[in-house]
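Number of protein chains: 2
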Amino acid sequence: MIVEPTLIIDEVKAKSNIKKMVMKAQKNGCEFRPHFKTHQSYAIGDWFRNEGVQGITVSSLKMAEYFSKKGWESITVAFPVNTLDKERIKRLTENIDLRVLVNNGTALNELDRFLNHPIGIYIELDPGYGRTGIPFNDIEKIRTIKVSVDSNPKFRFEGFYTHTGHSYKCRSKEEILDLITPVLEKLEKINSEFNSGICFGDTPSCSVLESFGVINQVSPGNFVFYDWTQYTIGSCSINEIAIAMQCPVVAKFETRNELLIHGGAVHFSKDFLFNDEKVPYYGVLAETKDDGWGNQIHGAVLKSVSQEHGIVSYPNELMDTINPGDIVTILPIHSCLTADSMAKYQTVNGQILDHMNKHIFD
Amino acid sequence: MIVEPTLIIDEVKAKSNIKKMVMKAQKNGCEFRPHFKTHQSYAIGDWFRNEGVQGITVSSLKMAEYFSKKGWESITVAFPVNTLDKERIKRLTENIDLRVLVNNGTALNELDRFLNHPIGIYIELDPGYGRTGIPFNDIEKIRTIKVSVDSNPKFRFEGFYTHTGHSYKCRSKEEILDLITPVLEKLEKINSEFNSGICFGDTPSCSVLESFGVINQVSPGNFVFYDWTQYTIGSCSINEIAIAMQCPVVAKFETRNELLIHGGAVHFSKDFLFNDEKVPYYGVLAETKDDGWGNQIHGAVLKSVSQEHGIVSYPNELMDTINPGDIVTILPIHSCLTADSMAKYQTVNGQILDHMNKHIFD
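In order, the protein sequence lines correspond to chains A and B.
Residue 1 is where the first sequence starts when you use my numbering, and the numbers rise one by one after that.
Residue 1 is where the second sequence starts when you use my numbering, and the numbers rise one by one after that.
If you are wondering where the hints come from, they were derived from the structure by calculation, not from laboratory data.
Be aware that one or more of the hints could be misleading.
One copy or two, either will do: identical chains are not told apart, so a pair holds if it fits within one copy or between any two.
Simulated pairs of lysine-lysine, DSSO-like, Cα-Cα distance not exceeding 30 Å [to be verified]: (1) Lys173 - Lys141; (2) Lys189 - Lys27; (3) Lys146 - Lys15; (4) Lys69 - Lys169; (5) Lys289 - Lys62; (6) Lys344 - Lys62; (7) Lys70 - Lys303; (8) Lys358 - Lys90.
Can you make the complete structure from the sequences, with help from the hints?
What follows is the structure in structure tokens.
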């Protein structure tokens, strides 16, 4: 019985999302190295393992170490390598196939100084997202770094890594394809010169592309749960969203058509989307059911969050049907951040699943 | 040595902030019931205990239970009481002076049904913030609920509770006073009818008010650390900010005047402010020092965050002075959420302090 904000996973939907992506990768001859930063869970990791996944992607060295303790032996840290974290990098390279991203020669020099075991290297390329990576057209820099990698037996070149994070600005399958097509062309050029691994993997692209061109490794993460952002982008249908938050209603304000729920920023995160009137919203309500959740309740959104308070805007005609003591179900805007905030899952069947944030002391 | 995002507390500044507020409450004859939702820490709680604090405020029943295990015997849960969480409410009323907020008679009926021990009740009033509470002018409703509280021996009326959360929109001490003065007048009217406890407590008001009128209990929380928002509002000076995040620089992008740091939404939260050009920023850089931090670095802000990536906009003329492998220090926008995200503190002297989120399994 729900007495406080509880993050519910629909295991059937999540496993179906996993299976679809596994099969798409297989069909395209791509190695599937899913990103575990979305779920950060041993139990959910095993759902991937059961589908034959062997190599994974994470967002920090700490996360790599966490999963290395559960039999994951090939792990990419998809983050420009933090060479300050020497001891952890050394431990990992002693025990597993650790792969890191580099953006510059300095990182390679640092790694060379302290490594005693080989490490996998991806050279990170910027596909126009403007966050990290060497721009595709800086071919001299790419060549220089590749030579540094190839000429050092401590480094094992795994290929190029690129993240089209700007697909999150898209609002339809067509827009995603328009954004990605030139990127695939640039990757073809890279591939024709270097003929190497190419790892690629934002959830919108991996969800809508049917073929991946020269890409031979894919590493999306969010798709295991999806969320309202992915639905808005065009990556998934509402029914493929596999995660939702259930929250107690604690007060009702009829004159404002608002409900006060226990469920705030420390549960959902403060991520939001804008509606058509450029007003932010922090979650979307769906019908509460005993075994999961039902359809979207149109006109019902989480309109604001404080630390633990959430204010729901509820349709006037439905205000009579909901009261303090009831439970509402809210589809999150950004499942990665909501899962990270909650650090604990409950399946539709009531099973509790783990999360790294509440599983380790560091 | 910092190898990953680390939340640093300047213990001297935090204790000074505590002492100033203790003395202000004393000077005004107010009971000080500070909000522990900002720090959520046993160790930091003891800094308050050492200043004579006995009653505290928290934002959830779970947090109340957590602090009740460390000798805190009078705890207000400043949230409209969630009567679904029966077992926890019962346990707490058996062991401590638990106080809850009510907005309506339904909550009282529910409490009456299952309580075996008395509970403290605050009637929550809405001072114009529009989040929770009975509007001041709904005097009939206030009277009705008060009668229900007074006529039931299970309920002990502690007074009225009001939270002027809209002070966060202010941008100067004068604006705060303009907002609060009418609220104080309304509280005088309430007091002249009911002559009861009045608990009040947002950090901006408590920071700038010199006298509290009929208010006799204050419960601010954020002031122990303050943050960039409080500085922007006018609640504190920059030097009173007692908390900062230290992050490794992992890449530098000179053509964009940007640094890539390890430090993202899962560290800072996604809370932001707007600058004068309505561009959001997620943190403000200060000079890194061995024993704390120095002055603000003008023109250096955390301009965006992904899950673990942070992009810092750095002044062009200083780009030569910073490199991958260096550490930057960032003053957070909202210390409550940043502390909740990090769930672990390190003092300037290197001592590790606890946080509820990584201290309990539930």
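(message) Within, between, both or neither: how does the pair Lys189, Lys27 come out at a Cα-Cα threshold of 30 Å?
(response) Result: close within a single copy only, 23 Å intra versus 73 Å inter.
(message) As a check of your reading, is Lys344 near Lys62 (CA-CA no more than 30 Å) within one copy, between copies, both or neither?
(response) both (18 Å within a copy, 15 Å between copies)
(request) With 30 Å as the alpha-carbon cut-off, assign the pair Lys69 and Lys169 to within, between, both or neither. (result) Neither way: Lys69 and Lys169 sit 36 Å apart in one copy and 47 Å across, limit 30 Å.
(request) At 30 Å max between alpha carbons, let me know whether Lys146 reaches Lys15 within a copy, between copies, both or neither. (result) The answer is neither: 38 Å in one copy and 52 Å across copies each exceed 30 Å.
(request) Indicate which option fits the pair Lys358, Lys90 if close means a Cα-Cα distance not exceeding 30 Å: within, between, both or neither. (result) Answer is both: 25 Å inside a copy and 26 Å across each meet the 30 Å cutoff.
(request) With 30 Å as the alpha-carbon cut-off, assign the pair Lys289 and Lys62 to within, between, both or neither. (result) between (37 Å within a copy, 25 Å between copies)
(message) Within a copy, between copies, both or neither: which one fits Lys70 and Lys303 at a CA-CA cutoff of 30 Å?
(response) neither (40 Å within a copy, 36 Å between copies)
(message) Within a copy, between copies, both or neither: which one fits Lys173 and Lys141 at a CA-CA cutoff of 30 Å?
(response) neither (33 Å within a copy, 53 Å between copies)
This entry does not satisfy hints 1, 3, 4, 7, going by the numbered hints stated previously.
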